[in-house]
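Here my numbering runs 733 ahead of the position in the sequence shown, where the first position is 1.
Think of the hints as simulated: they come from the structure by calculation, not from any bench.
Even for Gly, the Cβ is constructed at its ideal location relative to N, Cα and C.
With a cut-off of at most 27 angstroms between alpha-carbon atoms, the simulated DSS-like pairs for lysine-lysine come out as follows: (1) K871 <-> K832; (2) K921 <-> K844; (3) K832 <-> K867; (4) K832 <-> K844; (5) K921 <-> K842; (6) K832 <-> K842.
DEER-style ranges, computed between Cβ atoms: (7) V1070 <-> L1039: 43 to 51 angstroms; (8) A886 <-> S917: 27 to 35 angstroms; (9) N1037 <-> A1057: 26 to 34 angstroms; (10) F1024 <-> F1052: 42 to 50 angstroms; (11) A886 <-> A834: 21 to 29 angstroms; (12) I920 <-> K985: 49 to 57 angstroms.
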Amino acid sequence: MRHVDPPRPQAHEGVDYAAYITLVTSPAWYVVIQVDDSKSSLDEVTKGSDAKEHVPDLGTNQALEEDYASTDYQPGALYHRASPALTSSVPLTPEFTEKWAADVDLLIKEKLLPHCESGEHLHLLTGAVPSNTKVNDKVAIPEFIWLAACCNAPEAWSLGIIKRTGDVDGLEQVTVEELENQLSGDIKLFSNQCGGGALHPELRSTSDASTQTDEEPSVQTPGAFSRFFQFIFCVIYEIINTFVCLVWFLFKQVCNIIFGRLYWIWTALTTYIFALSKVLLNIPCDVLCVFANILCGFVRILNNALSVVCLILRLPTRFLCDMASFPYYTICAIPDVGIDILSGVWGVFMLGFSAVFGAFGGSFSVASFAGSSFFQRFIGQSEGYEN
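Model the full structure from these sequences, guided by the hints.
Here's what the structure looks like:
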């Protein structure tokens, strides 16, 4: 982001204001060489580590990163989306820097851009008012930092924001004229008061009072007496607010107890009714089941009785059937018996025949053996006699 820094006293070595026209980002801190050496040929904005080698008196009229060493402060950009130039930064705590960046982002997103044609004609100025406290007795800590917005559109308006370093969570919304009255010197932030000093659309409900204030002399800073009454009012307000919060807390606790008991009673009642309804609805089903079981019992008894009757009737029936079928089975068995008798007779005959032939064969074998023995013996003796 390009910025413009006016000359400032050497004692403060901090930024008074800066104007922004574009957005860029960079991870390193830059210094403006021409602030300490107007005859330097280096680029107007250079990294501090690169500029130390070429500018011996670097840091005479502007703060350096070394000025914040061993302190609780760090270089805080007046606008966190601007280029991190040390001439556009002031000593701030990390918590304050983070809170200021969040407040500015929220302000631009919710109050400025929606009322200025998407930001095409929106101009921002940021600055700081130094205090008498310094970091390392060199860089002045700001009393407060501010932001001025101007929407240079056909329906122009302007707005001022003040954030004091002693109040991290506080944020004052003022008109540009009121902001100029709190800055040192006769300073005009915007030409023609940015559309004649028209207020932000959200503040136009009080435009009548603001118009009367424009015609009166510059508003003076409240004195000690007024601040004392403001302090007393704030104390009383905080006491009343605390008391109201305590009463409201007790009221909520009592309501929670009452509603908790009512909820418990309601839950118990609904549970009881649900269980009772379930039991009542199950009674007809149980009665039907009982009748069905009784009917099934009667059916089983009838089945057993019929089974006994059938068993009793089955014995004589089988006997009669056997008696009736006896002649049939007897007649059918006669051929088989005759065949068996014939087979026996034939077997006896064949046995006798076999016995006769066996006896005859045996006798023949004995006679043959005796004859052969006789002839052998007779023939053998005759041959012996001849020899």
